[in-house]
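One letter stands for each residue in the lines below.
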Amino acid sequence: MAVQITNYQCPACTGPLHFTGESGMLECDYCSGKFSVEEIEKYYAAKNEKAADNFEKEEHIHTEETQWDMSDKSSQWSDEEQTLKSYICPSCAAELVCDENTAATSCPYCGNPSVIPGQFKGDLKPDYVIPFKLSHEDAKAELKKFYKGKKFLPDEFATENKIDKLQGVYVPFWLYNCDVQADTTFDGVIVTSHREGQYNVTTTAHYDIYRKGIVPFENVPVDASKNMPDEYMDAVEPFDYSQLKPFSMSYLPGYLAERYGETAEECVERVETRVENTTIDIMRSDIVGYAGCTLKNKYINIRRGKVHYALLPVYMMTTRYNGQEYRFAMNGQTGKFIGNLPVSRKKFWTYFLGILGSVTAVLGTAMMLIL
Amino acid sequence: MKKKIIRLSSAIIAFTLIFSVFAVGASAQTYERQYVYDQAQILSYPQFTELNTQAAEISDEYKCAVHIVTTDDPSVTYDNIQYYAEDMYLYSDAFGYGPGKDGVMLVLSVYDRCYWLLAYGDNGNYAFTDYGKEWMSGNFVDDFSSDEWYGGLEDYITDCEYILSEAAAGKPVDIYYSEDTGAEAYIIAFFIGLIVAIVVCLVFRAQMRTAKTAVRAGEYIASQGVQMQQRHSRFLYSTVTRTKIQQNSGNGGGSRGGTTVNSRGFSGRGGRF
Chain A
33 MAVQITNYQC PACTGPLHFT GESGMLECDY CSGKFSVEEI EKYYAAKNEK AADNFEKEEH
93 IHTEETQWDM SDKSSQWSDE EQTLKSYICP SCAAELVCDE NTAATSCPYC GNPSVIPGQF
153 KGDLKPDYVI PFKLSHEDAK AELKKFYKGK KFLPDEFATE NKIDKLQGVY VPFWLYNCDV
213 QADTTFDGVI VTSHREGQYN VTTTAHYDIY RKGIVPFENV PVDASKNMPD EYMDAVEPFD
273 YSQLKPFSMS YLPGYLAERY GETAEECVER VETRVENTTI DIMRSDIVGY AGCTLKNKYI
333 NIRRGKVHYA LLPVYMMTTR YNGQEYRFAM NGQTGKFIGN LPVSRKKFWT YFLGILGSVT
393 AVLGTAMMLI L
Chain B
24 MKKKIIRLSS AIIAFTLIFS VFAVGASAQT YERQYVYDQA QILSYPQFTE LNTQAAEISD
84 EYKCAVHIVT TDDPSVTYDN IQYYAEDMYL YSDAFGYGPG KDGVMLVLSV YDRCYWLLAY
144 GDNGNYAFTD YGKEWMSGNF VDDFSSDEWY GGLEDYITDC EYILSEAAAG KPVDIYYSED
204 TGAEAYIIAF FIGLIVAIVV CLVFRAQMRT AKTAVRAGEY IASQGVQMQQ RHSRFLYSTV
264 TRTKIQQNSG NGGGSRGGTT VNSRGFSGRG GRF
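Chain order of the listed sequences is A and B. When we follow our numbering, the leftmost residue of the first sequence carries the number 33, and every step to the right adds one. When we follow our numbering, the leftmost residue of the second sequence carries the number 24, and every step to the right adds one.
Simulated from the structure, these hints should not be mistaken for lab results. Every residue, glycine too, gets a C-beta built ideally from N, C-alpha and C. There's no promise every hint is true.
List time: in silico DSSO-like cross-link candidates among lysine-lysine, alpha-carbon distance up to 27 Å [claimed, not checked]:
id, chain 1, residue 1, chain 2, residue 2
1, A, Lys277, A, Lys258
2, B, Lys235, A, Lys194
3, B, Lys235, A, Lys258
4, B, Lys235, A, Lys182
Residues of chain B placed beyond 12 Å of chain A at every Cβ, according to the derived structure [claimed, not checked]:
id, residue
5, Tyr68
6, Ser98
7, Asp170
8, Tyr173
9, Thr283
Okay, the calculated bits of chain B under chain A, using three or more residues with CB under 8 Å as the criterion [to be verified]:
id, region
10, 208-214
11, 223-235
12, 251-265
The shape of chain B in the complex, shown without the other chains:
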């Protein structure tokens, strides 16, 4: 039932999007397609134009659509933003590139301050790995947290271009067992090994010296045992510390390399800002 409602709403949204194409006016006519849908109206017109132009150029160059959708719809929350984004992408012709609908899309819910970043199609999922999406999220979430919408979206477009260029070169942004990573792992392992070696050798060394002065006499407590005469405790004061919880956007994506694709053909990750 929930899915049906969401899908229905996405259809309405899709209609709204198509309508917005005409609403954009002159700028929309300049390009064959629109890539940025600012329903929340968080961008100025020049900002919108700039982002849309960049997205169009990148999409055409790498044959993978780069989309941005912003919404202030209160019904789009952190709990349903994934279905909202996927339904919208899947059931609207406005999204994706070519017959395979390859593309990447960032959906921002300004109302619930959450986002969903998805990729679709063989090329989209190949280029935008789980690690790649995680890396991108880390770059734009800080801007969104401080309402720097344009800055965050600009980072997103820039990162998309970088990721697509790397994928085009046959090396998508992902976790590789590169020499750097290997060196780091071995440096960390070396220091852990150093601590283990010191501890083990100290234990072995201690076995060589067993003649030690006694400083306790626990074995000689008389059989009648300890007599506790008074026990009491008194509250003195308390201190309170408040620590801000690190924003964790651990929804979707993995950390073992590659791209995790769900049964609908999407890969994605989301979080709050």
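Isolated chain A (complex conformation):
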């Protein structure tokens, strides 16, 4: 089955448009025309609406046209196949097969960026978007910087490895607002010491310390994508929310985009763990003047507030080394770069033995001279 999707084309020359973070505008690949998000929104509002409304109809017509003998086809779809959808590229009429949550992509045949309006209809429409600020080139440069200073990185990894994939992705995030009411009791100790004749007398006084307070949290992000690894999306935080903008599909051309794959209810445990831990830390940090402080009891009440749905910009990169894939992520707004790198065993042991040998030699000689 195939569905219709929308190409954002240049109103001047019908060439493909893509959003450029640097200029904050949609730019034409052919005539170099630049258009503001508002201009393109207005231009395409009617077109997108029509494309979304015709979603079912177009599908039906297309299905009728393809009456093939399916008797030899295997009857069951695998789980993976069932989560795929196909679309028709409006530029070259090729059939694009995408994940069911894909909302913006580019055609592998003609390269034109395409947006699937139906994915952001009704409840699926994001409230906000943070547009990409940094370009693909910035991401490549940051990857090189990321390699620097990594003592255990194999030399060949930095010199020989090539970026397999580099893609800017608007990742769906839930932004949670809540107030956390905490009633906490800690066991605190104050230690004093004085001398009595031939004895040192140490007195340890134990206290019951009570702290009650409210900690308000605003827009705590949790990624709602099923495809993105949670630890990568957590690690690229924080985003600068002052640049949150009301959602418009005009920001999407040129990048991949997904609609959410996990609901706000499904992600709530992750956010609640984070706000609870932070609240306890704050209650503990309010206690001063004690030598030690241990949490005894806690009563945490989370007053759940509004949840917003936002698309946040992340560059995802994959490289290959020794037959293994390495994935990196960069915050498309702030440039924060994260990822897991391979460790060179040779370098690890060189450093380990080098430090061990140096410290032993220097410290051993110094100790001999001092003692």
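Once you've looked at the hints, dock chain B against the given chain A.
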């Protein structure tokens, strides 16, 4: 003024000592000189004789006098025992060996429970290094703490003989960068190096893995900030522990090898027991 008083008192003490030579009677006549002066009378006569005999033999063998002086004089305290001992040694002919007055002397104040161990003369200061005196003190102080006077003094005499014999062999008891000491230093340094290497490598290793699940949300606290509603604390109970302070006799002496000699020509160390 204080020094004058002390020196005056030492003169009196010296007189007392000379008098005590005759008081000892037969035993004193057996030897040309007396080495043990038990004014506090903490030794029995056989103990006194035994120690004096041993001290005399060692002194003659190594040409370095080994002396013991005990006192119960209340005026001899921890604060002045060094001057008391030095004045007595310096101004009395009863102490030291030969024209250089080489010797070692242990003065015990039974009243204030303190001691001073001094060495004098080129041979005395050569043999009894700072470390050597520290080592000797460690051997006898425990006995004195439990009023084992004879046991402590016997340890002192034995240690003096050992130290003098080592000095005579050209290797005074001191801190040496011996193979044992070197090996110990390098073993300790190795374990410290091992910990440093593990910590540094773990830090470098952590730099290679930066994708981590977030467990805090401190960056997202709203601008109105935290509202603390109640703060109070209540005393529950207290526990008291008493730890005996280690006796520290860190008066005099060093730990870098050799002998520290003061302007009067003495080296020494003292402490309480």
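Right, here's what the structure says about each hint:
| no. | hint | in the structure |
| --- | --- | --- |
| 1 | A:Lys277 / A:Lys258 | holds, 24 Å |
| 2 | B:Lys235 / A:Lys194 | holds, 24 Å |
| 3 | B:Lys235 / A:Lys258 | holds, 17 Å |
| 4 | B:Lys235 / A:Lys182 | holds, 17 Å |
| 5 | Tyr68 | holds, 34 Å |
| 6 | Ser98 | holds, 23 Å |
| 7 | Asp170 | holds, 16 Å |
| 8 | Tyr173 | holds, 25 Å |
| 9 | Thr283 | holds, 17 Å |
| 10 | 208-214 | holds (count 5) |
| 11 | 223-235 | holds (count 10) |
| 12 | 251-265 | holds (count 15) |
When the structure is compared with the earlier hints, no violation turns up for any of them.
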